[in-house]
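Protein chains in written order, with this note's numbering: chain A, 1 to 329; chain B, 330 to 658; chain C, 659 to 980; chain D, 981 to 1302.
Worth flagging that the hints you see were computed from the coordinates, not collected in a lab.
One thing to keep in mind: the hints can contain errors.
[Stated by the list, open to error] Distance ranges between label pairs, derived from CB positions:
{"id": "1", "chain 1": "A", "residue 1": "ARG286", "chain 2": "D", "residue 2": "ARG1101", "range": "33 to 39 Å"}
{"id": "2", "chain 1": "C", "residue 1": "ARG676", "chain 2": "A", "residue 2": "GLU186", "range": "16 to 22 Å"}
{"id": "3", "chain 1": "C", "residue 1": "TRP939", "chain 2": "D", "residue 2": "PRO1281", "range": "38 to 44 Å"}
Where a beta carbon is used, it is the ideal one built from N, C-alpha and C, also for glycine.
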Amino acid sequence: MAFDARAVLRTMWRIRHFEERVGQLKRADEVHGLLHLSVGQEGVAAAVCSQLRDDDPVYSGHRAHGHAIAKGAPLDRVMAELMGRDAGLCRGLGGSMHLVDLSRGFMGATGVVGGNIPMALGSALAARLRGGDQVAVVFFGDGAVQAGHFHESVNLATLWGLPVILVCENNGFAEFTPRSAHTNVERVSDVVAPYGLTRDTVDGNDVEAVWEAFGGFLDAARGGAGPMLLECLTYRLRGHYEGDPAKYREAIAKADWQEKDPILRLQRRGAAGGWFAEEEAIAIGRETADEVEEAVRAARESPFPPAGLAAELTYASPPGRSPEEPVRA
Amino acid sequence: MAFDARAVLRTMWRIRHFEERVGQLKRADEVHGLLHLSVGQEGVAAAVCSQLRDDDPVYSGHRAHGHAIAKGAPLDRVMAELMGRDAGLCRGLGGSMHLVDLSRGFMGATGVVGGNIPMALGSALAARLRGGDQVAVVFFGDGAVQAGHFHESVNLATLWGLPVILVCENNGFAEFTPRSAHTNVERVSDVVAPYGLTRDTVDGNDVEAVWEAFGGFLDAARGGAGPMLLECLTYRLRGHYEGDPAKYREAIAKADWQEKDPILRLQRRGAAGGWFAEEEAIAIGRETADEVEEAVRAARESPFPPAGLAAELTYASPPGRSPEEPVRA
Amino acid sequence: MKTTYLKALGEAMARAMRADPDVLVLGEDVAEGGPYGTTTGLVEEFGAERVRNTPISEGAICGVAVGAAQSGLRPVIEVMFIDFVTLALDQLVNQAAKAHAMSGGQLTVPLVLRTQGGAGRRWAAQHSQSLESWLTHIPGLKVVMPSRAADAAGLLASAIADPNPVVFVENKTLYFKSEEVPDDVEPVPIGSAAVLRAGRDLTIVALSRLVDESLAAAERLAGEGIEAEVIDPRTLVPLELNAIVESVKRTNRLVVAHEAVEHGGFGAEIAASVQRAAFDWLDAPVERVGAPFSPVPFSPPLEDAYVPGADEVYAAARAVLR
Amino acid sequence: MKTTYLKALGEAMARAMRADPDVLVLGEDVAEGGPYGTTTGLVEEFGAERVRNTPISEGAICGVAVGAAQSGLRPVIEVMFIDFVTLALDQLVNQAAKAHAMSGGQLTVPLVLRTQGGAGRRWAAQHSQSLESWLTHIPGLKVVMPSRAADAAGLLASAIADPNPVVFVENKTLYFKSEEVPDDVEPVPIGSAAVLRAGRDLTIVALSRLVDESLAAAERLAGEGIEAEVIDPRTLVPLELNAIVESVKRTNRLVVAHEAVEHGGFGAEIAASVQRAAFDWLDAPVERVGAPFSPVPFSPPLEDAYVPGADEVYAAARAVLR
Ligand SMILES: Cc1ncc(C[n+]2csc(CCOP(=O)(O)OP(=O)(O)O)c2C)c(N)n1
Ligand SMILES: Cc1ncc(C[n+]2csc(CCOP(=O)(O)OP(=O)(O)O)c2C)c(N)n1
Ligand SMILES: [Mg+2]
Ligand SMILES: [Mg+2]
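Okay, chain A solo, but in the shape it has when bound:
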């Protein structure tokens, strides 16, 4: 698929504005829970998800807002979820770490690091057994690579030749400790070398590079050549979670960040390459900011979910007798 700079830029701005706004709303206590923002990492979500179909299953982890948005989840419903409202993607039952939008193939996020990876294999297996050409994608961080689930999954995915692409967002940190505190193997793509799967490491803040690398993997995987692993070197601009003082690492100098920022980079590149006029980029930034404001407004209008909702949805219908009644008998 040809690189669609406009679409990717729009998606990145959408995520950036959304995340910044979430940060403010957290301080205003309007959104809740453990919030892990992806400011600075938008390029990976945008370049990957823009190339996927709605029926390609995508899994994410605790830092999932950008992936959900890039996969097409409506901003207002993501925002409403973070506010715990009934109009939220998960009707307010999931929250930031458990976003799901089945209609867009966003199969969900898990808060347990590494736990999402085998699930993505399962969706890939389903695609294959049901004769579809869907490709499953799972996003995870560098910290997940040291979890047993990652290795068991890489082994299985290669053994079974599953149509799944493992996308590691390597931001160099797991919570408050650098990768060097977690492993001697710097590159995630090196960790999987023995399994002989197609793999690559790219600059995750260079959206064009991510687009190209992932696009190639995607075509191959659709053709049945999976699995693959794509490591995207990126940078988390904010703390691990909102409210984290982030004392454990020195802030990046503004100038350096201007250099790194995937959004500014694409805008510079786009202007230079004449892909779009500067005004256009500015307009995209403005429009997406408005979208986010509109999403906030809409989300605020949604009521909280009905009291009994969690109990009601504990089992899928036909739920049979809920064990609680008998206990209460």
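With chain A's structure known, arrange chains B, C and D with the ligands on it following the hints.
Then chains B, C and D with the ligands, alone, in the frame of chain A:
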């Protein structure tokens, strides 16, 4: 340490006779439980454990008899354990998959594949923090390499530079399925390549080769250069467990086995190299067979453990109040 | 038709796979039949794509099943021993059990996790546990524990058809017991108990292997003129508590028997629920029969003494009749 | 001296590490203090060899602790959320809990696994569970669950000194509660309950966060002329059941309250044990207070409604007084 052919031959024969006898006693219902024999794999246990000190901690798994014996556990007490007698290594509470002889540094076997590997790291960590020069060794099979515990452990051991040697007995099968059904990576030593740890793959039925390779690793590990991984290619002559019809693979031709058998090989080599006279080898075989008979006799004389033993040993003293009494209050 | 618990399970899987192409079986050595032969013959009929041997990766296998179920398949995974379910609990408890609720009802996870527990074969402390009570504490999971071949077949059919994750707990000592079952097995609804023996003097609720033990104890009591009602809940979650409470309101006495360690076992939940629901009807405290508070010893005489059986049930019955 | 539950834990670890060079602390980001700051300052005093950051490998970390303990160290490992203990249960349950018995008494495993549970912070279904009852079902483990800063310090000291594996269950909502504690903390023996309020009309047994909630309910009852006795078992295994039974024999009424899901929670064990030990003294069925049978909902009003508190304890008390 110079290769001690006599000692290794004696240990291998001890294990061989012991295992063969256990097979008979199982059919006679004198020993119990899930029994995984190491007939054909004695070379690894003998060549590795003969070079260790009593205070070097060793861990094994479900196929542990040979390792325990090679580490110095008394035959009669191992046999008594398999018979469930009070004189058993674990007073009859552990059985075949849970042999422990603390006095010989045989820290124990686990029946949960892969679970023993991190424990060996822990013993290695203890050696280091307490200023000792002990080296921890853990034996596991090729099937354990696909378990998450293995990878988490290799990563940790290398990250922390622990004095532990991972010894994989790769017999090409996990239960009833060949390695090819478990992974695409044929060589276990290749699986760990990314971690940059010292590793080697040797013919596990060539005891001299195992001795040399392991000896080199051991010296290095004592000097603080751990961890290492040694893969020993070997062959399991009997079924996965006693009673397993082993239909899932064709029996090896007698001639081929004569060729492979680590005991016969060492005897041929020893005779050729003039390390020991043929009579001597025959005598070793006879003496160890007698030792095993004596062990069986002694084990049979031991009573079963007292009825309350498991409850009594559920907590180490001072056990405090056992939770059962209050429940019974 | 004569069959065994084991064969009944295998046939139930085969029937489900014939009826629904989305049903598949995953587990270690399942294509070889597994250590017991439960899945023997499946790979020949359904092929290696639907009967998949796996590496020793319980955590990932369970996760694969969750994802596959969320994407429309109906995986039946086999965890060889319930002791090893300890390796799959993140996927089972944090993912499978919660996916439907956490997603606001979008995701469903129709997976079945088959496993087996219990002592009695000298397999020692890591291959003999009974951990089902853990799973009854997790909203979102259903927990099934049949004692009869016909129930095993009928409940497995229902479990595979159920849109929720179902943990199917078998017992290693029941596998080879031969039993008479109807030629075409009816699905047994999840959540329905079975009264296996009617009686007026006390109620015995027993799980899995303890059902036959309790029937034996009931025989002995009958010889002494005491009529025990024996109930097999068959499903722990959702539990048909009413069936138990109604019985207790007639008999005024209750014994709950299972092989799991008594302390923290499911018998505690039944006892606590019944003493509340039938307080004014109980003429004696609810007695529980379960394993003592220690790991399962290997030594045969110790294991035999450890595992609760008809004698313990009889003694508990005598205690509630006092 | 004023302190918090959190600081009390940190100081207890520091004291233990000063007293015994074999004590070490392992866990994710523990050298940075962890997400709450429980271990803040330890690495500065004891160095990175004894205060070890780990990768995200809960299973291996627990296994390392088991091996280290078997070889003479006294590891204190931190599992950030009890929800993630699901990843360490093979090591904890199959290895640590059974090593002493399986080895015929040769091995001892003096490890402490610190973790925290509970809802109330909008951290949703995978970061808010209360799974302690699982661990009470496992012979060989001790389970400690303090509600007070002083008990947290005193019990952690005892846990680190104990030759057995101890699971130390904290609660995330208690960490920052400021509290008065004696200047030099006495070790609190594992297995001893505390009567926090004396009363004659009913007994309330409460765990962890529900202790303060129960004291609040007791205040309200006192305003209505009803005197509730409030007992904090502090240790679940071994449980000082006698303290509870003696109280019930005086008050004739019992409420058991915890935050865990009621179904299959530890309250069931207490209720089942007490109805048996004090059957003739009970004037009403034992009432249990626990969370409803669903995953913890994220939405603030739903989470607030989900988590049991003083109102639920009060209602249960009223029920047993009826
Ligand atoms: C199994 C597990 N252990 C610990 C945690 C706590 N935790 C949440 S995020 C995180 C760090 C993850 O780092 P990484 O995978 O690199 O993702 P990033 O936060 O950098 O995006 C940790 C340890 C968890 N959620 N799950
Ligand atoms: C976690 C776990 N899963 C499954 C089993 C059942 N099991 C026992 S031995 C075995 C095969 C082990 O193969 P390998 O590691 O190669 O050792 P080998 O038997 O070949 O010596 C399996 C699957 C187990 N014991 N533990
Ligand atoms: Mg990271
Ligand atoms: Mg093998």
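Hints, verified against the model:
For ARG286 (chain A) and ARG1101 (chain D), the hinted distance range of 33 to 39 Å is satisfied, since their beta carbons lie about 36 Å from each other. About 51 Å separates the C-beta atoms of ARG676 (chain C) and GLU186 (chain A), a value inconsistent with the hinted range of 16 to 22 Å. The hinted range of 38 to 44 Å is satisfied by TRP939 (chain C) and PRO1281 (chain D), whose Cβ atoms lie roughly 39 Å apart.
Against the hints set out earlier in the document, a violation occurs for number 2 only.
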